[in-house]
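Chain order of the listed sequences is W, L, E and A. Under the working numbering, think of the first position of the first sequence as 263, with each following residue one higher. Under the working numbering, think of the first position of the second sequence as 263, with each following residue one higher. Under the working numbering, think of the first position of the third sequence as 263, with each following residue one higher. Under the working numbering, think of the first position of the fourth sequence as 263, with each following residue one higher.
None of these hints come from the bench; they were simulated from the model. Please note that the accuracy of each hint is not assured.
One copy or two, either will do: identical chains are not told apart, so a pair holds if it fits within one copy or between any two.
What the hints assert, rightly or not - Derived pair list, reagent style DSBU-like, types lysine-lysine, alpha-carbon separation capped at 30 Å:
#1 683 <-> 374
#2 683 <-> 264
#3 556 <-> 374
#4 596 <-> 434
#5 464 <-> 434
#6 434 <-> 618
Number of protein chains: 4
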Amino acid sequence: MKTIIKNGIVVTSGSIFKADILIEGESITSISSHITQESADKIINAEGQYVFPGGIDVHTHLEWPLMDTETADDFVSGTKAAAVGGITSIINFTKPEIGASLIPTQEEWIEKGKKSVIDYGLHAIINHYSDRVLEELPILAETYGVGSIKLFMAYKGEMMVNDLEMYKIMKKAGELGIITNVHAENGDIIDEMIAQALAEGKTDPIYHGYTRPTIMEAEATGRALAIAEAANAPIYIVHVSCAEALEKVVEAKKRGVQAFAETCPQYLVLDISYLDQPNFEGGKYVCSPPLREKWNQDALWNGLQTGIISVAGSDHCPFRYEGQKTMGKDDFSKIPNGLPGLEDIFSILYHFGVHKGRISLNKFVEIISTNPAKLFGLTKKGDISIGKDADIVVFDPNRSRVITAECQYQNVDYNAYEGMKVQGVITNVLSRGEVIVKDGQFIGDLARGKYLHRSRVQNQ
Amino acid sequence: MKTIIKNGIVVTSGSIFKADILIEGESITSISSHITQESADKIINAEGQYVFPGGIDVHTHLEWPLMDTETADDFVSGTKAAAVGGITSIINFTKPEIGASLIPTQEEWIEKGKKSVIDYGLHAIINHYSDRVLEELPILAETYGVGSIKLFMAYKGEMMVNDLEMYKIMKKAGELGIITNVHAENGDIIDEMIAQALAEGKTDPIYHGYTRPTIMEAEATGRALAIAEAANAPIYIVHVSCAEALEKVVEAKKRGVQAFAETCPQYLVLDISYLDQPNFEGGKYVCSPPLREKWNQDALWNGLQTGIISVAGSDHCPFRYEGQKTMGKDDFSKIPNGLPGLEDIFSILYHFGVHKGRISLNKFVEIISTNPAKLFGLTKKGDISIGKDADIVVFDPNRSRVITAECQYQNVDYNAYEGMKVQGVITNVLSRGEVIVKDGQFIGDLARGKYLHRSRVQNQ
Amino acid sequence: MKTIIKNGIVVTSGSIFKADILIEGESITSISSHITQESADKIINAEGQYVFPGGIDVHTHLEWPLMDTETADDFVSGTKAAAVGGITSIINFTKPEIGASLIPTQEEWIEKGKKSVIDYGLHAIINHYSDRVLEELPILAETYGVGSIKLFMAYKGEMMVNDLEMYKIMKKAGELGIITNVHAENGDIIDEMIAQALAEGKTDPIYHGYTRPTIMEAEATGRALAIAEAANAPIYIVHVSCAEALEKVVEAKKRGVQAFAETCPQYLVLDISYLDQPNFEGGKYVCSPPLREKWNQDALWNGLQTGIISVAGSDHCPFRYEGQKTMGKDDFSKIPNGLPGLEDIFSILYHFGVHKGRISLNKFVEIISTNPAKLFGLTKKGDISIGKDADIVVFDPNRSRVITAECQYQNVDYNAYEGMKVQGVITNVLSRGEVIVKDGQFIGDLARGKYLHRSRVQNQ
Amino acid sequence: MKTIIKNGIVVTSGSIFKADILIEGESITSISSHITQESADKIINAEGQYVFPGGIDVHTHLEWPLMDTETADDFVSGTKAAAVGGITSIINFTKPEIGASLIPTQEEWIEKGKKSVIDYGLHAIINHYSDRVLEELPILAETYGVGSIKLFMAYKGEMMVNDLEMYKIMKKAGELGIITNVHAENGDIIDEMIAQALAEGKTDPIYHGYTRPTIMEAEATGRALAIAEAANAPIYIVHVSCAEALEKVVEAKKRGVQAFAETCPQYLVLDISYLDQPNFEGGKYVCSPPLREKWNQDALWNGLQTGIISVAGSDHCPFRYEGQKTMGKDDFSKIPNGLPGLEDIFSILYHFGVHKGRISLNKFVEIISTNPAKLFGLTKKGDISIGKDADIVVFDPNRSRVITAECQYQNVDYNAYEGMKVQGVITNVLSRGEVIVKDGQFIGDLARGKYLHRSRVQNQ
Ligand SMILES: [Zn+2]
Ligand SMILES: [Zn+2]
Ligand SMILES: [Zn+2]
Ligand SMILES: [Zn+2]
Ligand SMILES: [Zn+2]
Ligand SMILES: [Zn+2]
Ligand SMILES: [Zn+2]
Ligand SMILES: [Zn+2]
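Okay, chain W solo, but in the shape it has when bound (with noise of 0.2 Å):
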């Protein structure tokens, strides 16, 4: 199978060109100036469109238990939500029980992610610590091919482990070029503060917000750096939402620290104000860390443009309103926790970011595509060029769409971003060299996607 893209404007992180891209099989092989259409099965005519590497969003939970209930989105329908959305792979977050081995955890979501309509990776998430812990690294990164670890500083009793615990695996971790996925947030503290909370009654969504303050943020993002920096091990804080944070990121990295920092649309384009609202409205705006006052979403955006911030993810954890959300109606700490995004991630940064003047072409494509790839050991993916994956999204920069929940593929009632219009329309979404997506319809094959056996972190 041949497919030849013509007449696009290629975007990379490097550059920006015209070009056609021939595809054979799962591949790119060539890239020039004219390719000639004799011998392909397939044209897509991208003239006056944008032609980007296929979003890579390294911060999905589908298919995820939490609080007593699972995340709305399933690998089946979460990857076609990316896919309509421009995303062409995700690394998804596993579950272990607390305590379980890692290698038959691994196996098992392996085996869950079949279903996937796009390639799949997983970062490990490890719960507690043990010597097995230890000798299942390298395990994992070997034979799985995972070489990101995730670890949690809240949720205790679920998933949280402790400094000694986060300093050991990510010592183990930074020998074996495996990079630590953190999430930072002070969960001890956090939990009193929710129980301070619900005991003076204050039990509105608001509450999730004042319970979780930046500077309990902050405090575990500088703990958990400097933990990777007596470790001497990479690190990468997932969804920096608050100015304080990042700057705690900005002083591990003039130390030295291979600190690199994440952040989310949600961070980016929406604020606190979120939560508070009337009936319940606020519940669908409940993520960890909260929404934050809005002076922040300038420092993030800044962070984006400096190359503080490497990468932009979705932290999709998705959860209908009706039956999920709604079971903290009377109990902020009842609403499950997260998001849905993975559909809207690559259109909010596009018009928010480039459109609005904040970042350029190039520096969307390192943030979605290229620095994720790299980050992360996706050693075919993240840009256009000869012998990486056909995951390729075309562009249209010159319509525009309005997000709303009733047209999405995301398997939850509502849309964070409902109604706001954005411009650029998604045309063509390949994955390995198939057009999966069609004018906004996901038209591919079910279980097509792969998954991803990745190589180790590399010095960005």
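Following the hints, put chains L, E and A with the ligands in place on chain W, whose structure we already have.
Positioned in the frame of chain W, the structure of chains L, E and A with the ligands alone reads:
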């Protein structure tokens, strides 16, 4: 003319991949997994070698009058040295008479540059303020493709402008999308310190270092960034030499200033002890800002790795030891300021950066080629992609060489990196499709370089 | 003449204690748990009242020519207002003709000051550089007891000096133990911003605020501190108005610079919205630096509490609304810059500081009396201890009063704090042992103030 | 009993003045320019000498069990040493059994302290969390006058509390106006580093230094300050040893946290090279945090001078070399942590601070006496003023002495400052009016010290 570079490992800022490259005329027209050799006029076998986009040195002073003498390299010897060293484009500084119109100066320097063997652009130095300057800026930008100017905060009476002049010029530049290079040292106070030192009989080269302290570089850097902020203009701090000045760049980036920084190989590899040598040996190492305490090197490498510093430029400002540097044998202030570096910047950065593990291959390309092209509007340079000029360096990472003045093309009688063994040897250099360097020898035509008409700065 | 202050609660920077105070002649000769009243000529019953050392306002502009007019208070009305407000010493600025010798200026201002009802010192403003200036500095310090000078980085053509002049003067000052007051705003750029605003028809007082942005204060502050560092001289930044400038002070202190900062009541209590009022009401609030965004107030209070800011000075620079402020009715740049504050600084600081819980009683004394005395060489002032001049304020914290122009001694037709109710009433003010204020009325003799011959700065 | 100190130069934090001091009973009742000697029982001629308020050392560990041994000084030898060294009040740490009720512990330690020859207070160490702890805090504060507690972030299993415990305790403490001392090192990770070092056969004292890196002090310091901020409680970081930790204090102060810091003479004067000596000589210098790289000393002195550090405490935790320190001859982790310092802190601070020109005389008094009194509620101490306890040090600045273990009162067989010649000799020490030290000899009664019932922290 068709040339194919076969089997090389192509390295861009975004990825690393094996591919063949087809060059037709001056441009890259195809990058493919396999290009048939039939129709090619020339084949370069790059098996086992890196194929880099040609280096871009945006900071050179060829044929540059300074302190009653002129730099030792003209556009002939200088660009030959560049080519041999892997640099396929330079942006040289003009040098107008004080108060002179910018346009004839520009014309004159375009003329001078025609002797170049590689492509050359020009930054317009502005050494005074007048209404005419503001009127000439759009002409420079549009007619001459000069999207960058340079202002000096030192060298009073020769090039220095004051704060108000800087503000008014930058304000206009900002409106026009012109980026301002700034030499940031507090010239007034430094001149006084020099006078004091000389009055106390301190005439050795080391006093060059002592009379230009880091605080005076940091002060001027902070001031320039504040003025850029007030003027709402993009700014590029040339030759950041120390942690204290770099910190000002970090602060400005955090405030959202469109601020970029450059450092130079001499600040990454050499230190102030080089100035403190017997028999006027220190005279060879006199440049401004001066070499700094060694610990600053880590901060600068870290700045490159984290993206706080965007570019490495050579600040190639060569003077012969005999007859030029020695003009200051009895008075350090009479030593012409500057080091040769154009021939070695590529190698130094590769060796001490990539080979020593401080930066990745991608980051190396970003610093030496992609970022300079983006920041200074070289839309046909800085990447290996379709339609780009075929400016390419083929580099064998498995061989090594020793830097020595004896073998250099630079027209100077010493080399600042004399005797250093560096990993990697440049085997071929192509400029717009022509092989101009083969195995260390320049084999191209003279005067083949073209003047670079540049576009304006884009948001990086 | 013997006076006893009985039963008061003495408050110094170091402690709070009940004691009687015996004053013999001009000095405090005994502080005791009980002083017998027999031999006393006068008894002041301070039962239930605080007994503070008299306030010292080191930043006043009495009889000060500015912008073709002169401040509304001369040494008579100004020092009466001071006394009534709890200030028993001032240090006023001189105002030499441009290029004039400092010595006759000093003589002239000593003469002017003789009308004062409280003691007065003089800071020597230096508005130009010449060899004579350096020669006069030791004479000023030794013969005239002037251990402090002032340099302006703004008001070009009137008072501004450039960096080199500042450096040379500060270097000499540093050698002599003279501290340099600096008005830190980048005058060159501000003048240009003003010209631009006016050219665009922006003439209202609010544009006074917009054309002197915080970045231009912060820039100049950082520059002054860097120059002080290079010159190895002590420096005192007057009227720090915003967080951004204050941050420069913190940085300099961390580098070990002998740097001190002052703020003023208007920056602690008022904000930029005062400039933005209809009917030229904003004209009343024009001072430089301008009033700032309200959130800066917290940073300034915090600076006082933590000791980063050492002193509160009034920057008393009063102009009548009618006839003076209104000179700029159609052009904000013609509004004479300055606010009255000498009469209220003590009360404002007590009320919004101590009474509101932002600073302790000891800290209040430190800021308003002890630190100014230490920094400016007033060895007989600033404390209630043996041998000190009996400059004392007896203050009833249980009463309150309303600030209003109607009742003020200041020779202006408005009060910047009009209508504010403040806790505490000054019942007695003693100056060198004489009761000069009783229940809000000045009852002392005219021209009783003495010129303060000061010693040099000591390491605080 | 009436004592007069005649003709001395009284030094307080606020001023320096010549005066006579009358002491009646235990208190200062009069400070006067001249006190007639008639009625006096005792005259101390202080002509030419400084008269300081007695030193207050708020960080001592007398009779303190640690690592299966106990500090070498009990309340007898320790307080004698203190007195001879110019310290007239101490606040010692209690040491409860793990989980023990605070009240009997307090009673027990009040009892122990009765042997003291100077006044003593007690900080309550809290080594666990329970509801009872929170209930006991108000009792401690009210009944026992204990307005300060101490929490450890290191020494797991012995004293360490976790973040949640710290938060809950500090929250209650904050409500009660109790200030929390914090030993800030990340104990968990340090313990692991120690285990690693030992496993690798690294047993020498220098590894004590290497296994407690500055980043782990800085991390814990930042965390403690964040928790204090969240808990809205005042906090006092004990023994700040390095620039990196100090920076966290600066940041917290800027955020408005009620944060205070202490450093100790060993961090100001000694450095990590002392640990790296042959023949287990380094064992003498094992304390926690460990001695640091020498360049940190400047940052700490600067912290004292600028007021960022409020207090110098000795952290007197003495162990004999023979038999105690040598317990760790083959394993640095078995060396009891701590240095003797109570006898020398006053002299070390005067000599290296005042005499060397780093701090002023006033600042010396502030650090060693006034600030500790203010922060820890010693309302009758910390100043020479009416009604204060007559705790006074008469100090001859013109003489000098050599510190040596041979002559010390401390019950240890070495002195950390052995052989240092220090300027100034203490000639008299008075405690509540009694001369207890005369010319270097303790001449007071035993068990004359009183327990200090303290008030709560005031806003400094
Ligand atoms: Zn998370
Ligand atoms: Zn997540
Ligand atoms: Zn330069
Ligand atoms: Zn240059
Ligand atoms: Zn001013
Ligand atoms: Zn003023
Ligand atoms: Zn401790
Ligand atoms: Zn201790």
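Checking residue 556 and residue 374: alpha-carbon separation at most 30 Å within a copy, between copies, both or neither? Classified as neither: same-chain Cα gap 38 Å, cross-chain 54 Å, threshold 30 Å.
Please work out whether the CA atoms of residue 464 and residue 434 approach to 30 Å or closer within one copy, between two copies, in both situations, or in neither? between (43 Å within a copy, 20 Å between copies)
Can you tell me if residue 434 and residue 618 fall within 30 Å by alpha carbon in one copy, between copies, both or neither? between (43 Å within a copy, 23 Å between copies)
Treating 30 Å as the Cα threshold, decide for residue 683 and residue 264: within, between, both or neither. neither (36 Å within a copy, 48 Å between copies)
Given a CA cutoff of 30 Å, do residue 596 and residue 434 count as a within-copy pair, a between-copy pair, both, or neither? between (35 Å within a copy, 27 Å between copies)
Are the CA atoms of residue 683 and residue 374 at most 30 Å apart within a copy, between copies, both, or neither? Answer is neither: 35 Å inside a copy and 53 Å across each miss the 30 Å cutoff.
Hints 1, 2, 3, counting from the list given before, are not met by this structure.
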